[in-house]
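Please build the complex by placing chain F on the supplied structure of chain C, with the hints as guidance.
Each chain, written out:
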Amino acid sequence: MNKYLLALLAGLFSTSAWADALTGEVEKQPLNIPAIIMFFLFVAATLYITYWAARKNTTTSDFYTAGGGISGFKNGLAIAGDYMSAASFLGISAMVYTTGYDGLIYSTGFLVGWPIVLFLIAERLRNLGKFTFADVAAYRLKQTPVRLFAASGTLLVVMIYLIAQVVGAGKLIQLLFGMNYIWAVLIVGVLMVLYVLFGGMLATTWVQIIKAVLLLSGATFMAFMVLKIADFSPEIMFKKATEVHEKGTSIMSPGGLVKNPIDALSLGVALMFGTAGLPHILMRFFTVKDAKQARKSVFVATGFIGYFYILTFIIGFGAIMLLTKDPQFFETTIKDGVEITQIIGGNNMAAVHLSNAVGGNIFLGFISAVAFATILAVVAGLTLSGASAVSHDLYASVIMKGKARPHDEMRISRLTTLVLGVLAIILGIAFENQNVAFMVGLAFALAASANFPILFLSMFWKNLTTRGAVVGGFSGLIAATTLIVLGPTVWVSVLHNDAPIFPYGNPALFTIPLTFIVAWLVSVTDTSERAKLDKAGFQAQYVRSMTGIGASGAAQH
Amino acid sequence: MDKLTQRVLDNPEFQKMAHQKSVLGWSFSILIFSIYVVYILYIGLSPESFGVPVGTGSITTWGIYIGLFVILFAIAITGIYVHKANGVFEETTQRVIRVVQEQNHE
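From first to last, the protein sequence lines stand for chains C and F.
For what it's worth, our numbering labels the leading residue of the first sequence as 1, then goes sequentially.
For what it's worth, our numbering labels the leading residue of the second sequence as 558, then goes sequentially.
Hints were generated in silico from the structure; no laboratory data involved.
On a predicted model such as this, the values are computed, not experimentally measured, just so you know.
Cβ atoms here follow ideal geometry from the backbone N, Cα and C, with glycine treated the same way.
Among the hints, a few may not be true.
Unchecked claim - Covered, in the sense of this in silico footprint (three residues per stretch, anywhere, with C-beta under 8 Å from a C-beta of chain C), are these stretches of chain F:
1. 561-571
2. 594-608
3. 611-619
4. 624-638
5. 641-652
Said to hold, decoys possible - The list that follows gives simulated cross-link-like pairs (lysine to aspartate or glutamate, DMTMM-like), each with its CA atoms no further than 25 Å apart:
6. C:Lys-289 <-> F:Glu-605
7. C:Lys-335 <-> C:Glu-432
8. C:Lys-142 <-> F:Asp-559
9. C:Lys-462 <-> F:Asp-559
10. F:Lys-578 <-> F:Glu-648
Next comes chain C alone, as it looks inside the complex (with noise of 0.2 Å):
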């Protein structure tokens, strides 16, 4: 009873953790012409912008930031591309299908670190630093070791997410488009590695915005569809999707997602702050003027996200409405000797199956291509802020001392671009037939437990210490590690353990305030010289936060 429990809870975890979409196993489907056109067109359209931008990008500031150009609501845009994950619309739109109300629980956890974001960083963030967050990390402390921890940081959410999208890439394109597993590493691989090592952030930023674009006008039209089915009326759509589901009325109200609130809380907070640490995120930032366009970008970005996240509830109900009694879209396979009726190609393919069912076949291949496209965006941007993390930190600051010239840090983030890439492509064959479900929400653990804390500290604490955030930083991430693995989803989902050590899937509730201490403490007591100065920094920095004086601004061209 004990062990299909934890499993149950496993389960939940790993579709909590957005993975579903992008993990377990699929069955790949026969070959769907349209949707592989559709999806060319999108790479020769993305490709043609690299080709144009690859033209602009001569700076290094160019390449991390597209010489901090763009606009605050295209780069709301670009962020809400980058955030909207190929698994965000499947999954979620897979959850609402199979659970109802819990499909909304869940979208909420990914919306409201966003409001966080604004509040507390964006502004901040823009007035200090000029290409990754460890230049605001390390505003007032000691470059060498604050950048090392930051490189670490970004490094390693940037490897993690980049498996979990990668593989679920090698997943999808057997689902969406009937093609090998290997073919989707190596699409996915090599598109980023050109976005990235020819267009910078420029391609990368338009990557995002024509994805986000698609998959915002895909969704709206498919959520249109299905409320023009029901009427224009929420009532009777939710009236006729209780009377299929197994479920009944009871898919209207909480389910199984928060049978332990410590659970939920604990992914809720890693959710709502790790988005507040991701490096790819914060990156983001750079890329407009100033802190009022920063400020701007989160608002849109927030709004389309939000609207984003009511259209797959929508697109959850109505795939219930008109999917679950049209036997075309079921197949009845044999698993484990029982016979069981699912969905085609499992319950991740609800609304790739209900964009056939609104709108035909070339509809259908359209939502896939923009699925798959999806990844491309989300990979670019890690792939940059990885890159950047090499070159500007580690290069740059750490070995350079800050003499490198522009021409060589250029030359290291591109060769990263690439070793990132062949990483990527040799990380994601490696791990194909291993359960990566718990990956994206160990990056988004790391990021709040030791990202986050250590760049709040910087800018609203005045007594952080170099030590401090350096030993409070890598003990966040240590932790959050170390608890992941002991915890249901690798202890028990991937070792197979009986009994996971540590209870909880997510462990940001305890690990982040566990940074916060550690670096309190080793602040506090902190008596060096070097102490003295990074504290006697802090007004200086306080101002420039405040005013953006002496900020980096808009590159000329």
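Using the frame of chain C, we list chain F on its own:
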């Protein structure tokens, strides 16, 4: 500490604006954080109260409205903050910058 920093810190208009902005940012942060935490804890403790229909005979439950409210509230609160910070606060900031830079040139 350089002169410019000191002048900004000594500027009464800056002090007032910085204080107001920090009060606004912190109270909004606490507000959205508490709403979310209460939402999750309430679901954990009393899921059935989310399943109560909004009217007799209706299917739509209070839970749907509450969930939508959390999403719309998050969007609205960022909108209000941006309106305020990009409006009044930003004007004050630019004014303070002009004033202290003139002082610096004197």
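Given the hint that C:Lys-462 pairs with F:Asp-559, does the C-alpha gap stay at or below 25 Å? 17 Å, holds
Within 8 Å of chain C (C-beta), three or more residues of the region 594-608 of chain F: holds (count 11)
How does the coverage statement for the region 561-571 of chain F fare against chain C, requiring three or more residues with Cβ below 8 Å from a Cβ of that chain? It holds: at least three residues are needed, and the region 561-571 of chain F offers 5 whose Cβ sits within less than 8 Å of chain C.
Against the 25 Å threshold, does the CA-CA distance of F:Lys-578 and F:Glu-648 hold or violate the hint? Cα-Cα ~13 Å, so holds.
Please check whether the region 611-619 of chain F has three or more residues whose CB lies within less than 8 Å of a CB on chain C. Holds: 4 residues of the region 611-619 of chain F have a Cβ under 8 Å from chain C.
Holds or violated: are the alpha carbons of C:Lys-335 and C:Glu-432 at most 25 Å from each other? It holds: about 20 Å lies between the C-alpha atoms, which stays within 25 Å.
Holds or violated: C:Lys-142 with F:Asp-559, Cα cutoff 25 Å? Roughly 20 Å between the alpha carbons, so the hint for C:Lys-142 and F:Asp-559 holds.
Counting residues of the region 624-638 of chain F whose CB is closer than 8 Å to a CB in chain C, do you get three or more? It holds: at least three residues are needed, and the region 624-638 of chain F offers 11 whose Cβ sits within less than 8 Å of chain C.
With the threshold set at 25 Å, check whether the alpha-carbon distance from C:Lys-289 to F:Glu-605 stays at or below it. With Cα atoms ~49 Å apart, C:Lys-289 and F:Glu-605 exceed 25 Å; violated.
Are at least 3 residues of the region 641-652 of chain F within less than 8 Å of chain C when you compare beta carbons? Since 4 is at least three, the answer is holds.
Going through the hint list in order, the structure does not satisfy hint 6, though it satisfies all others.
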